[in-house]
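Chemist: Chain by chain, the residues:
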Amino acid sequence: MKNEDVVRLFDLYSNDLYKFAVSYLGSKHDAEDVVQEVFSKLLDKHMFFENRNERAYLMTMTANKCKDHLKSSFRSDVDLESEEWHLQYYEGFTERNKAVFDELMRLEEQFRVPIYLHYYAGYSYKEISGILKISESAVAVRINRGKERLRIRLEE
Amino acid sequence: MKDTFDKVVMDEEKQEEIRAALMGKKRAKKTWLAPLVAVAAAIAVIMIVPYTRAVVVRAAGEILRNITVIHNGRTLKYTEESEIVVDGETVRHFTLDYNVESGYSYAQVKDNRLYFVLDDKWTDITDVCGEDKYFRYEEKGDDGSKFILYIGGTVSDHGVMQVLLDADGNCVSVISNNDVLPKWAEKALKDDKIEPNFVMTGTGGNFL
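So the protein lines, in turn, are chains A and B.
The opening position of the first sequence corresponds to residue 12 in this note's numbering, with each subsequent residue numbered one higher.
The opening position of the second sequence corresponds to residue -14 in this note's numbering, with each subsequent residue numbered one higher.
Hints listed in this document are in silico derivations from the structure and should not be mistaken for laboratory results.
What you are looking at is a predicted structure, and each value in this text was computed from that prediction instead of being measured.
Errors might be hidden in some of the hints.
[As the list claims (entries may be wrong)] In silico SDA-like links for lysine to any residue, alpha-carbon gap of 20 Å or less: (1) B:LYS175 - B:ASP117; (2) B:LYS118 - B:SER141; (3) B:LYS95 - A:ASN14; (4) B:LYS168 - B:GLN147; (5) A:LYS52 - B:ILE3; (6) A:LYS13 - B:ALA5; (7) B:LYS118 - B:ALA152; (8) A:LYS52 - A:ASN75; (9) B:LYS(-8) - A:MET116; (10) B:LYS(-13) - A:LYS52; (11) A:LYS39 - A:ASP113; (12) B:LYS(-13) - A:LYS13; (13) B:LYS(-13) - A:ARG107.
[Said to hold, decoys possible] Residues of chain A clear of chain B, computed beta-carbon distances all greater than 12 Å: (14) VAL18; (15) SER34; (16) ASP113; (17) LYS137; (18) ILE145; (19) GLU147; (20) SER148; (21) VAL152; (22) ARG156; (23) GLU167.
Built from N, CA and C at the ideal position, the CB exists for glycine as well.
Put together the whole structure using the sequences plus the hints.
Modeler: Laid out in structure tokens, this is it:
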């Protein structure tokens, strides 16, 4: 793709992909790396997007890059309990924001990511199934179980 | 949750840095740094056994010199070959000028389908490709050398790999635009019993 086309997509979707990568990886720096890798990779590809497809396609690329990152030995060490980790996100957060964010990020990745995609990014179970390459029934199970765990933790 | 994640945004400074990198990234000219280990090893072992290695290294230069045009409007021109010493090891250094501005890749995605594109002929290969499956295309040169092109992976995460064999079937080079050879590429090499002398990956494979 041409540089200017990639930059247009970057301006449109970089924040969506960044939030998704944060929800996936729990690390601001890893999320930034993933976003940069996704858009850099587009420069090496020749493709035509229909508007309705491009966001889902980029989300799938981001999910794949996040999976690779989790397997990578270069991944930043993320300690979800550390104060330092919390502080990198807390700017502008209310107490409620902090509680929701902390508890969501403490959920296991298999629950956290589908919950994020459904309740924040607004994807249907079918769309999440396509992005994460898991069955729709697995999406439903993970969202329900994750939601229940989140509810219990927030009530405590 | 919406209110919470609305506040998670990438630093503006980082965004600017990435945007600038995307605008400034150029792929007009690449230097092909050939077999760092393989050539040095070949030179070191010539007097002991495998003369075939030396043949392969020489064939690389001969074949590369003959390449002037590749498909899909991309041109590739051999400009230089020399032996240099890097960290005490002798390496063969090929420089190729190629023009990608007017050309396009062998693998393209359209309407969520993966295509093999060769000089404006589009072949839908979505169903034959996968994480461990690939599409294969082969061409034979006048000098008996062979170019084998493999495309594998999924629509959203696919790659291209090109193998160059000399007339005797020795592997001259493997070029891949994946940073790390994926499963399908490993399988393709194994299926065709290809033993690479060196593999050029990542940005080096951009002209595929």
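Chemist: Hints first: check each against the structure and report whether it holds.
Modeler: Outcome of the hint check:
Of the supplied pair hints, the one linking LYS175 of chain B and ASP117 of chain B holds, its CA atoms being roughly 12 Å apart against a limit of 20 Å. The hinted pair formed by LYS118 of chain B and SER141 of chain B meets the criterion: a straight-line CA distance of about 14 Å does not exceed 20 Å. Annotation: proposed proximity of LYS95 of chain B to ASN14 of chain A holds, straight-line Cα distance about 19 Å (limit 20 Å). Proximity of LYS168 of chain B to GLN147 of chain B is assessed by CA-CA distance (about 15 Å); at most 20 Å being required, the pair is judged to hold.
With a C-alpha separation of about 13 Å, the suggested pairing of LYS52 of chain A with ILE3 of chain B holds against the 20 Å cut-off. At roughly 14 Å between alpha-carbon atoms, LYS13 of chain A and ALA5 of chain B fall within 20 Å of each other, so this suggested pair holds. Pair hint LYS118 of chain B plus ALA152 of chain B does not hold up; C-alpha atoms about 27 Å apart against a cutoff of 20 Å. Our distance criterion of 20 Å between C-alpha atoms is met by LYS52 of chain A and ASN75 of chain A, whose separation comes to about 12 Å.
Of the supplied pair hints, the one linking LYS(-8) of chain B and MET116 of chain A holds, its CA atoms being roughly 15 Å apart against a limit of 20 Å. Taken as a hint, the LYS(-13) of chain B and LYS52 of chain A pair is broken in the structure, with Cα atoms around 29 Å apart against an allowance of 20 Å. In summary, the hint linking LYS39 of chain A to ASP113 of chain A is supported, as the alpha carbons are separated by about 14 Å, within the 20 Å threshold. Restraint check: the Cα-Cα separation between LYS(-13) of chain B and LYS13 of chain A comes to about 34 Å, which exceeds 20 Å; the hinted pair is violated.
The hinted pair formed by LYS(-13) of chain B and ARG107 of chain A meets the criterion: a straight-line CA distance of about 12 Å does not exceed 20 Å. The non-interface label for VAL18 of chain A is inconsistent with chain B: the shortest C-beta to C-beta separation is roughly 5 Å, within 12 Å. Chain B draws SER34 of chain A into its interface by the beta-carbon criterion, the shortest separation being 7 Å against a cut-off of 12 Å. Residue placement check: ASP113 of chain A does not keep its beta carbon more than 12 Å from all beta carbons of chain B (closest about 10 Å).
The non-interface label for LYS137 of chain A is consistent with chain B: the shortest C-beta to C-beta separation is roughly 14 Å, beyond 12 Å. The claim that ILE145 of chain A lies off the interface holds: its Cβ sits roughly 14 Å from the closest Cβ of chain B, which is beyond the 12 Å cut-off. Its beta-carbon lying about 18 Å from the closest one in chain B, GLU147 of chain A satisfies the requirement of being farther than 12 Å from that chain. Every CB of chain B is more than 12 Å from the CB of SER148 of chain A (nearest about 21 Å), matching its label as outside the interface.
The beta carbon of VAL152 of chain A sits about 19 Å from the closest Cβ of chain B, which is more than 12 Å, so the claim that it is off the interface holds. With a closest Cβ-Cβ approach of about 17 Å to chain B, ARG156 of chain A is found to remain outside the 12 Å limit, as its non-interface label requires. Every Cβ of chain B is farther than 12 Å from the Cβ of GLU167 of chain A; the closest lies at roughly 18 Å, confirming the non-interface assignment.
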